[in-house]
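S.K.: Based on these hints, arrange chains B and C on the given structure of chain A.
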Amino acid sequence: MVGLSLGEKHFIQGGIDQNLRSDGRKRDAYRPISIETGVIPQANGSARIRIGATEVIASVKAELGRPNALQPDKGKVAIFVDCSPVAEPMFEGRGGEELSTELSVALQRCLMGGKSGAGAGIDLSSLIVAEGKICWDLYIDGLVISSDGNLLDALGAAIKAALSNTGIPRVQVAAGASGDEQPEVDISDEEFLQFDTSGVPVIVTLTKVGRHYIVDATSEEESQMSSAVSVSISRKGHICGLSKRGSAGLDPSVISDMISVARHISEQLINKLDSEISAAEADEDEM
Amino acid sequence: MEFVNPEGLRLDGRRPMEMRQLRAQIGAVAKADGSAVFEMGNTKVIAAVYGPREVQNRSQQINDQALVRCEYSMANFSTGDRRRKPKGDRRSTEISLVIRQTMEECILTNLMPRSQIDIYVQVLQADGGTRSACINAATLALADAGIPMRDLVTSCSAGFLNSTPLLDLNYVEDSAGGPDVTVGILPKVDKVTLLQMDAKLPIDTFENVMQLAVEGCKAIANYIREVLLENTKQLEYRRGL
Amino acid sequence: MLHSKTFNKKTRGGRIQKLVREVYLRDDIYCGALFCKSCEDKSKARLTATASTILILDTNVVLNQIDLLENPAVEDVVLLSVVLQEVKNKNSAVYGRIRNLIDSPARRFVVFSNEFHRDTYVQTMAGESPNDRNDRAIRVAARWYQSHLGEAVKVLLITNDRENKRKATEEGVSAETIESYVKSLGQPALLDLLVQPASEDVIMEEVEDMRPSKRKVVYPEHKPMSEITSGLTKGIYHQGKLRVNRYNPFEAYVGSESIGDEIVIYGRGNMNRAFDGDVVAVELLPQDQWHEEKSLSIVDEEDEEEDVHLVPGSSDDAPRTSIPVSSSTFDTNPVSSRPSGRVVGIIKRNWHSYCGSLEPMPMPAGSGGLAYALFVSKDRRIPKIRIQTRQLDNLLDKRIIVAVDSWDRQSRHPSGHYVRSIGQIGDRDTETELVLIENDIDARPFSAQVLACLPPLPWSVSSKDLNESNRVDLRHLCVFSVDPPGCKDIDDALHCTMLPTGNFEVGVHIADVTNFVHPGTPLDDEATQRGTSVYLVERRIDMLPKPLTEDICSLRADVERLAFSVIWEMTPEAEIISTKYTKSVIKSRAALSYVEAQARMDDSRLVDPVTKDLRNMNALAKIMRQRRIQRGALTLASAEVKFQIDTETHDPLDIGMYQIREANQMVEEFMLAANVSVAEKILKEFPECSLLRRHPTPTKEMLGPLLRTAAAVGLNLDVTSSKALADSLDCAVGDDPYFNKLIRIMATRCMTQAVYFCSGELSPPEFLHYGLAAPLYTHFTSPIRRYADVIVHRLLAASIGIYKLPTIFRDRPQLTSIADNLNYRHRNAQMASRGSVELHTLIYFRNRPTDTEARIVKMRSNGFIVFVPKFGIEGPVYLTMRGDKGGGEWFVDEQQQKIRKMDGSVSYSILQAVKIHLEVLEPKPNRPKLQLTLL
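Protein chains in written order, with the UniProt record's numbering: chain A, 1 to 287; chain B, 1 to 241; chain C, 1 to 935.
Simulated from the structure, these hints should not be mistaken for lab results.
Honestly, I wouldn't trust all of these hints.
Here are the simulated DSS-like pairs of lysine-lysine, each with C-alpha atoms no more than 30 angstroms apart in a straight line [said to hold, decoys possible]:
#1 31(B) / 26(A)
#2 915(C) / 741(C)
#3 88(C) / 183(C)
#4 200(B) / 684(C)
#5 76(A) / 18(C)
#6 133(A) / 234(C)
#7 133(A) / 18(C)
#8 31(B) / 9(A)
#9 901(C) / 870(C)
#10 31(B) / 244(A)
#11 378(C) / 929(C)
#12 901(C) / 915(C)
#13 18(C) / 378(C)
#14 858(C) / 898(C)
#15 223(C) / 133(A)
#16 9(A) / 244(A)
#17 804(C) / 200(B)
#18 200(B) / 272(A)
#19 76(A) / 234(C)
With beta-carbon atoms standing in for the labels, derived distance ranges [stated by the list, open to error]:
#20 150(B) / 472(C): 54 to 60 angstroms
#21 89(B) / 40(C): 49 to 55 angstroms
#22 30(B) / 42(C): 41 to 47 angstroms
#23 202(B) / 261(C): 43 to 49 angstroms
#24 53(B) / 282(A): 41 to 47 angstroms
#25 222(B) / 163(C): 46 to 52 angstroms
#26 163(B) / 447(C): 20 to 26 angstroms
#27 222(B) / 264(A): 50 to 56 angstroms
#28 520(C) / 57(B): 55 to 61 angstroms
#29 260(A) / 81(B): 53 to 59 angstroms
#30 662(C) / 163(B): 46 to 52 angstroms
#31 162(B) / 608(C): 35 to 41 angstroms
#32 499(C) / 211(B): 30 to 36 angstroms
#33 150(B) / 775(C): 56 to 62 angstroms
A few chain A residues that face chain B, going by a derived Cβ cut-off under 8 angstroms, partial list only [as the list claims (entries may be wrong)]:
#34 84
#35 145
#36 196
#37 197
From the three backbone atoms N, C-alpha and C, an ideal C-beta is built for every residue, glycine too.
Looking at chain A on its own, in the form it has when it is part of the complex (with noise of 0.2 angstroms):
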């Protein structure tokens, strides 16, 4: 909980209204973004991303399950998040799960897409093994770690960099199978799969102050916020999803203005994160 002087609030408020936040960054700035991948190594891919003070790791898992019945030829993705009270005593018991279950379907809504599988920013259908039969089960789990606000849109970030540190072991299927059995699978450890993540979006959450929305809102901005909207943007530009939080209404017309906002500084975050995460990549290869 931040608990905040009107004194402080003031000077919050006041730093955004003239474009000078109390960190001394402008409104659209971010906080320094650093990325490090393969932090977990028994996961099949991993990330973690610090943003300021926030920190979050991202883990992707691979199980090998059965397709849903509507959708024979598509993989399924679970993602979860957890709050570790060690970023917030706050989060201590029970006290993370709303916050997670928030940020679970906002992620989920934001990256993979429709029910249907549609939009998703990986193609399900590569998590296919063998059609109506297997298919990679993928579960994403993000873990807060130290939480200074904008924990969504580091999330989202942290789950691209995962993805595109996933491997995934080819699988042979053994022939003969016939009918309704499951078949033999056989996996092969020196050929692996990767995702094209080009794909996923990243989430911009832009964090209405006042009169003025900013980005990479730290969690005493936050706590002066009457609503936030996260956007999720491909690197085309497509909106990938949508959401609102805060219970302030806001005009429709500031909403386009505020995805038509997200989207310009879209493109500069997926051009940073790419870096980032291939900097990364090749920091691990060195290791």
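M.R.: Coordinates of chains B and C only, in the frame set by chain A:
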């Protein structure tokens, strides 16, 4: 199964009396009063300390000493097979309790009456010896938070496989079903504050195994002291002293 | 230095897990060369300074050429940990042998843990297979050795992998194949030890059959492993261990859990190159092909035939026949109810080396000394093996050992290589050694380390022993022992004192072996391995060194000895009132033989204390025995024979059945009681880790042959319980005095042997000892010659609180593996004893053609099997000439168990007495055999 080969090497190349590689980093969580990451080989935990601060739940307030609380949690991705466990299962409740009791023992709680200290430990990677790693991380985090302590508590485990006492079991060795003795000590005053063992062991063998674990604790204490000293030097340097 | 290694693994549940393991790379792993200047630790160093070449072996060389490596011509060998690991995974037997070489101080083999050395550890590269990675690791290690040791020595990589050799040469590592290396040593005899590479196989076939076009496929292909696995999960194939019928090598059984029955495999074609003991995948044949192939005829294929052999003591060593219960001989195409199948693949080979001799053959002309010969194993379950040799004339009259290398589809016989020769065929020592090797019996003298564990001689009870608080002084008691004549390792003695109350105090005193054999010592390890003493006709192979067995532990007369005593108070009705267990010091008054003891009891003039005690004991023993029989204990009979051996030549002088006297039964009765009392005590204290002995209840199928025989002679046996069986056996008296014993002998052979087990592994109802009708039983009374008793002594000592229980008992898997080893050793010891008796029987009859009486025990379509009570042997008698398969002249009546001539003139029925002639013939040179003919 052969856990120590005829050449005297364990499955991971260590000799029976060798510990895994230790790594520690202070101040991993910016907003906490004290925090640390502690690694023992592939086991990695993060600990954060909040406090001493106002008691959140007034009914728990103790008038002559500080209230120490602890919560242990495991990340979904911390083990080889992904498990999504509900919070507060028996195992984590038990470990929370063990850590709390061990740390409470060394914190000078009487100096901070009517206050609360929260210790949170989060397991990022579990490869055997999580209990010990949690205690070691918590010690570092408490020191980082500047909480007055009698001594540093350090912990290490030892086991007994293939008729050989082995220091600091990793997951594979731990799952072999042999005994696993976890010891926590106050190294300066040379007192054992934590002692747990599963499976059975004849008493004379037990003494050897426990002695080995105690030696491990002492080595960890030395390492932790070095880390703290280095950290203090850094602070000094940053302040331009 | 730290590295992590990650790999993916498929779990049992079909899930895929990514596993991460750390690897710590070290700089304290030493090269093992004595002359090396940079490695400090020389404690494990073996490679000598004179070595000009240091060999680094590839995995395939270790796996295939272990026989060559065991030859002292190959020295200064470095075994890389990567190689050892691969060997261990692929063949644990070879791994054990290579470990022995490494441990042997006489050899110069060192281990280099390349996988943990910082300079030789290699990480898997992208797209590299585990095999390629390991090959690269071997080359990296070889290069490290060369640069580490400098140019003064040559580091030579020995590999038969062409690709690995080529890459090594490219990378500047000298590499050679094992063949070219052995050739360079200049010892042609070594070449025989080489495993023949597959390419030579082709040449071999061509030699046999000069027209290459005629190379035909003899066996169906083995299915690939992936297909087998999926077939197994789908239930099309069945997995199990193949066991070949000891008496008919063309018939085998695969016990399959998946169908809960045995699958019968008829013929070598269906066995498809599987050996006895191989784990195989079997496919069931369609039911209309479940025929009974030749089960009724005495095997007559090729030139294999049934031999005369000892009468089996239990179903474990009895010939297996599958006489159909329901099928009638009038059926034109009898269909069996037993599923039969064929082998489609071999999951795990059980190849090892075999003893036998070469099939006689003429010396081939002008082939440069190189010849192909067929090896015939002594063990009939093993097919003939083709070997290549350069010393044929030298080997033809020898017993040799041969190892199997491969068996491809085109060859009728597996191919192998010569390992070593034992000696002349027919020579008693050679044949005895053969018996020992066949049964995996270690007859080597005890090592210096083992002997160092013995107390100094001469040994006597010291005051320290007497003052030991746990030891009771029983020297005042009138203790005596009763054993077979000439027994030197006396491990039990008895006493029996009348108490003032009229009750008796009866004590069983057992040699206190564990006072001298301490856990964890080389002596104890050796005894664990040997498991039991082995009794051959002319010699004994001890489990413990002689000073212990014949002196220090042996409870000889008139010397003070340490003992472990079980002492009961018994009423005159032999009811046990109380039981005491204690370590003690005794002084035996007399060491009697059975005959002496019997004579004393029978001689009413004798009234000395020992004789009086003997009579009291005998009275008690009779009551106990009676009670035991009432409980349902079986009085089984064995056809054990005894040889009289010439002390000079060790040749048998006379042969006869073992006589059992009352005195034997008396001692046996008290030993049984002691064992039961001890079993109760240890199980009470240690319910999880006691070593007990059980005798499984025989199943209906096992008793089938007995019931059929009994029914044929009009005897109705009730087998519902051991009690019922015991009673009906008692009632089985015909006009023939030998009839009852014969039936008992047949009953005994239907049952399996009793086995040791760890009490934590089974539930109490399974603890039953069927034959003794005892719910609990163990072995306590012969610690000098059985290791099980040593373990039980330790358990008993711990249960009465005088010694700590050794740590091993906390380790149930290890205890179980010890129990398994004991069972294996006991069975082998028995097989060896039988083998030795068979050998001596043959020697005995060599110059003594004899006429004697025999009993028909089994019917065959071309004759019958007879049992010769006087000599304890069993063998076939042919009614028709060999090669003439029944010819319809004789006719077997299944129901009546009779064989009748078609014209009805002659008939023989089961259990009938016949006169036969016994003679040793030599149908082929060097192959003497005992032949039985009807008079």
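S.K.: Hint by hint, note whether the structure agrees.
M.R.: Each hint tested on the structure:
1. 31(B) / 26(A): holds (23 angstroms)
2. 915(C) / 741(C): holds (19 angstroms)
3. 88(C) / 183(C): Cα-Cα ~28 angstroms, so holds.
4. 200(B) / 684(C): At roughly 19 angstroms apart (the allowed maximum being 30 angstroms), residue 684(C) and residue 200(B) satisfy the hint.
5. 76(A) / 18(C): holds (19 angstroms)
6. 133(A) / 234(C): holds (17 angstroms)
7. 133(A) / 18(C): Roughly 22 angstroms separates the two Cα atoms, so the pair holds.
8. 31(B) / 9(A): holds (19 angstroms)
9. 901(C) / 870(C): Roughly 29 angstroms between the alpha carbons, so the hint for residue 901(C) and residue 870(C) holds.
10. 31(B) / 244(A): Holds. Residue 31(B) to residue 244(A) sits at ~27 angstroms (cutoff 30 angstroms).
11. 378(C) / 929(C): Given pair residue 378(C), residue 929(C) holds - Cα atoms ~13 angstroms apart, limit 30 angstroms.
12. 901(C) / 915(C): Distance of about 18 angstroms is within 30 angstroms: holds.
13. 18(C) / 378(C): violated (50 angstroms)
14. 858(C) / 898(C): Given pair residue 858(C), residue 898(C) holds - Cα atoms ~9 angstroms apart, limit 30 angstroms.
15. 223(C) / 133(A): holds (25 angstroms)
16. 9(A) / 244(A): At roughly 23 angstroms apart (the allowed maximum being 30 angstroms), residue 244(A) and residue 9(A) satisfy the hint.
17. 804(C) / 200(B): holds (15 angstroms)
18. 200(B) / 272(A): Roughly 56 angstroms separates the two Cα atoms, so the pair is violated.
19. 76(A) / 234(C): Given that 30 angstroms is the threshold and the Cα spacing comes to 28 angstroms, the pair holds.
20. 150(B) / 472(C): 54 to 60 angstroms: Roughly 56 angstroms apart at Cβ, these two residues keep to the hinted range, so it holds.
21. 89(B) / 40(C): 49 to 55 angstroms: Holds - the Cβ-Cβ distance for residue 89(B) and residue 40(C), about 51 angstroms, lies within 49 to 55 angstroms.
22. 30(B) / 42(C): 41 to 47 angstroms: violated (55 angstroms)
23. 202(B) / 261(C): 43 to 49 angstroms: holds (45 angstroms)
24. 53(B) / 282(A): 41 to 47 angstroms: holds (43 angstroms)
25. 222(B) / 163(C): 46 to 52 angstroms: holds (50 angstroms)
26. 163(B) / 447(C): 20 to 26 angstroms: holds (21 angstroms)
27. 222(B) / 264(A): 50 to 56 angstroms: Distance hint for residue 222(B), residue 264(A) holds at roughly 55 angstroms.
28. 520(C) / 57(B): 55 to 61 angstroms: holds (58 angstroms)
29. 260(A) / 81(B): 53 to 59 angstroms: violated (45 angstroms)
30. 662(C) / 163(B): 46 to 52 angstroms: holds (49 angstroms)
31. 162(B) / 608(C): 35 to 41 angstroms: violated (58 angstroms)
32. 499(C) / 211(B): 30 to 36 angstroms: violated (53 angstroms)
33. 150(B) / 775(C): 56 to 62 angstroms: holds (60 angstroms)
34. 84: holds (4 angstroms)
35. 145: holds (6 angstroms)
36. 196: For residue 196(A), the interface hint is violated, since the closest Cβ of chain B sits about 23 angstroms away, which is over 8 angstroms.
37. 197: violated (19 angstroms)
In summary, the structure is inconsistent with hints 13, 18, 22, 29, 31, 32, 36 and 37 from the numbered list given earlier, while agreeing with the others.
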